[in-house]
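Since the structure of chain A is already known, use the hints to place chain B on it.
There are 2 protein chains.
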Amino acid sequence: MKGKRVHANPQSSKHPDPFPMHKLKRVDKPTTRIVGKVERVDEREGGLNRATRGDFGSKVQQERFRFVQKHPISASLAGMTANFIDTVDGPVAPQKAPLADDPAVLTRHIKEFAYFLRSDLVGICELPGYAVYSHDKEGNGLELNHRYAICILVDQNYKTFNGSTGHDWISNSQSFLAYSHSAFISCIVASYIRKLGYPARAHHARNYQVVVPPILLWAGMGEMCRIGGAVLNPFLGPRFKAAVVTTDLPLVSDKPVDFGLQSFCSICKKCARECPAGAIPDGGKTIYNGYEDWRKNVEACTRFRVLNPNGAGCGRCIKVCPWNKADTLHHRASIWAVRHSVIASRILLWLDDILGYGRPVEKDRWWFDLEDVNREPGQEKYVVPTKHKQS
Amino acid sequence: MKGKRVHANPQSSKHPDPFPMHKLKRVDKPTTRIVGKVERVDEREGGLNRATRGDFGSKVQQERFRFVQKHPISASLAGMTANFIDTVDGPVAPQKAPLADDPAVLTRHIKEFAYFLRSDLVGICELPGYAVYSHDKEGNGLELNHRYAICILVDQNYKTFNGSTGHDWISNSQSFLAYSHSAFISCIVASYIRKLGYPARAHHARNYQVVVPPILLWAGMGEMCRIGGAVLNPFLGPRFKAAVVTTDLPLVSDKPVDFGLQSFCSICKKCARECPAGAIPDGGKTIYNGYEDWRKNVEACTRFRVLNPNGAGCGRCIKVCPWNKADTLHHRASIWAVRHSVIASRILLWLDDILGYGRPVEKDRWWFDLEDVNREPGQEKYVVPTKHKQS
Chain A
2 MKGKRVHANP QSSKHPDPFP MHKLKRVDKP TTRIVGKVER VDEREGGLNR
52 ATRGDFGSKV QQERFRFVQK HPISASLAGM TANFIDTVDG PVAPQKAPLA
102 DDPAVLTRHI KEFAYFLRSD LVGICELPGY AVYSHDKEGN GLELNHRYAI
152 CILVDQNYKT FNGSTGHDWI SNSQSFLAYS HSAFISCIVA SYIRKLGYPA
202 RAHHARNYQV VVPPILLWAG MGEMCRIGGA VLNPFLGPRF KAAVVTTDLP
252 LVSDKPVDFG LQSFCSICKK CARECPAGAI PDGGKTIYNG YEDWRKNVEA
302 CTRFRVLNPN GAGCGRCIKV CPWNKADTLH HRASIWAVRH SVIASRILLW
352 LDDILGYGRP VEKDRWWFDL EDVNREPGQE KYVVPTKHKQ S
Chain B
2 MKGKRVHANP QSSKHPDPFP MHKLKRVDKP TTRIVGKVER VDEREGGLNR
52 ATRGDFGSKV QQERFRFVQK HPISASLAGM TANFIDTVDG PVAPQKAPLA
102 DDPAVLTRHI KEFAYFLRSD LVGICELPGY AVYSHDKEGN GLELNHRYAI
152 CILVDQNYKT FNGSTGHDWI SNSQSFLAYS HSAFISCIVA SYIRKLGYPA
202 RAHHARNYQV VVPPILLWAG MGEMCRIGGA VLNPFLGPRF KAAVVTTDLP
252 LVSDKPVDFG LQSFCSICKK CARECPAGAI PDGGKTIYNG YEDWRKNVEA
302 CTRFRVLNPN GAGCGRCIKV CPWNKADTLH HRASIWAVRH SVIASRILLW
352 LDDILGYGRP VEKDRWWFDL EDVNREPGQE KYVVPTKHKQ S
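First to last, the sequence lines map onto chains A and B.
In this text, residue positions in the first sequence follow the working numbering: the first is 2, and each later residue adds one.
In this text, residue positions in the second sequence follow the working numbering: the first is 2, and each later residue adds one.
Honestly, the hints are just simulated from the structure, not real lab data.
For clarity, every value in this text was computed on a predicted model and none was experimentally measured.
Keep in mind that the hints are not guaranteed to be accurate.
Stated by the list, open to error - Under the rule of at most 25 angstroms between Cα atoms (straight-line distance), these lysine-lysine pairs were calculated in the PhoX-like manner:
hint: 1; chain 1: A; residue 1: 15; chain 2: B; residue 2: 364
hint: 2; chain 1: B; residue 1: 364; chain 2: A; residue 2: 24
hint: 3; chain 1: B; residue 1: 388; chain 2: A; residue 2: 97
hint: 4; chain 1: B; residue 1: 97; chain 2: A; residue 2: 388
hint: 5; chain 1: A; residue 1: 30; chain 2: A; residue 2: 256
hint: 6; chain 1: B; residue 1: 256; chain 2: B; residue 2: 24
hint: 7; chain 1: B; residue 1: 286; chain 2: B; residue 2: 26
hint: 8; chain 1: B; residue 1: 24; chain 2: A; residue 2: 160
So here's chain A without its partners, still in its complex pose (with noise of 0.2 angstroms):
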């Protein structure tokens, strides 16, 4: 392309990530073996979407549509990202935008762009095809080309995680906290980018047409944890939701990471001791489709978080992940510790109970316990729910 463009800016400081994610050791593939080929996953075989069509029986159908309903939190956040659903594409600008011919300069730029529209954190790689759903909900093939995507990292708030156990009135409101904001984020981005003269499609929990962790792994964002099919950040811990933009403007990847975490998830077990669904396993990695994995039984979970009777969703895998911290200097130096010795994440492991991380904090609960017993929508009628013994 000829012409006057713009330019990269020399002086500008080397990082512009609030964390100092260039420190990790970065390596050429995740640190999840892929032993096998990775087959296209269909959207319709989700936990949620397998509720929803009825695998779990008949009250987890039922509870499904009702589960972040019930507290007017989660119910006000999933109304607002139904705004969403239908910006995640549009019209592509006729002409390209005379940007520099340098894609470390457009990487950069797209970086400082997600974090000037408040990311909690951004990497990009190259989209790898088998995280394309093969289908969607409804059933339909889905192809899409794009060469890269762009992760959009949004946290669940610490402080809200401090109050709570992780499966209380307020999970899954924590949950639409991350998704709304990085959907409205990755939108934001998308538009941006087809301005630009490039396809660009937004993809976000009411929109998907493709899977998120495997691209969270190659752009870099944390290593596959003990979770099942969850990723962790060394400084976000599991407490984010992540939002994606695929596009074919040209960019650099980030590359996978490396900071011991297979070694921890494998010694510390904590969040599948302390699973109210039992659903994480305290074993060793299992094989599917071509991953060597920690895999969680999904049904157990959705069942859980679907019909959690005293509280709306669950995430206290999330709550107890001794990574999920807040970014102080000491969990810095943990991290450090425990990328170096596998006594230091045992000392540490150690602590984490003596001290009484997992535990709610009460001074940072701040929010009501209500449920909407109700269940014509805009009949809200709310209740201090009653304390059910566990079914």
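Same frame as chain A, but now just chain B:
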């Protein structure tokens, strides 16, 4: 009301705000004197609405529809914000939720909720009758009898202001960053309150029924500053936009603050000196609609923002304001000093110029200068803007 209800959390820390707002001196009335009857304002008389109807000539009228669209970031942000035009209000749940009877508990809860939703600052006041527009943009008479107003402030991004001159191509994007996020948050807060059984309406940049500055004053979010019609917060400076939720949920008002700004702005005048439109007075206060205040030349300000040939919009006054600083210890010390000594204010002002504050810092300049020279929507054609002589 009888029956089981949610209760206060006595152990919760006293101040949920991210800045020490509780250390500011509180006063009974805003520091901007009201010397007569304040009349309700007609929304059609705002600067941009007058530009729309042609009061400032046909060139301003034409450009008014392009000045946000001409840069791809502000265009994307404004596009997404349009999704919130119709989400400001909705049906109120037919039954009141069993909340605590204590408005102080509800106030604390609403603030914590708004912070959870990623607000940067939150305040509450009784809605002054004169803060309700007399007519909307279409000329419909307005009545709004909600008792309380909740202010939701979002920062326009310190780093970006640091990299900018304040009147270059990122300027509108900064406004819309804060407009869009505060709009998003305000609609969720209003939806939540309606689910609790109380009427609530969000007011944001794309759909207001209220004038925001007097609400900010009564809610103690800051004092009126020399930048006419703008409220300045000691920790965010004038670098924020606010959305509002009006409601009848029983709340407790914050009180107006006095941190010495009236005397500071009398001597500072940096915004008046630096305003590229010459729209900010460097003299004393005048009386307008019952207020004794600095009053900017709205036409000159609007003209410059809309026509700016070397940028998109303008926030030069925000950029150069000595209160536009990162929230550091030495900034907090300066806030304290200004409040206690006019000599300290003079020294700090002298230092502000000497240290080069108000100049763009190249390393923080992350965006691309681009201008859409095609006026057809969906047919964007971006070029690298050529420097124009200021008209």
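Against the structure, the hints:
1. A:15 <-> B:364: holds, 10 angstroms
2. B:364 <-> A:24: holds, 21 angstroms
3. B:388 <-> A:97: holds, 21 angstroms
4. B:97 <-> A:388: Answer holds: residue 97 of chain B to residue 388 of chain A is near 21 angstroms, not above 25 angstroms.
5. A:30 <-> A:256: OK: residue 30 of chain A and residue 256 of chain A at ~8 angstroms, within 25 angstroms.
6. B:256 <-> B:24: Judged against 25 angstroms, a Cα distance of about 12 angstroms means the pair holds.
7. B:286 <-> B:26: Within the cut-off at roughly 23 angstroms; holds.
8. B:24 <-> A:160: Measuring from Cα to Cα gives roughly 23 angstroms; hence the hint holds.
In summary, the structure agrees with every hint in the numbered list given earlier.
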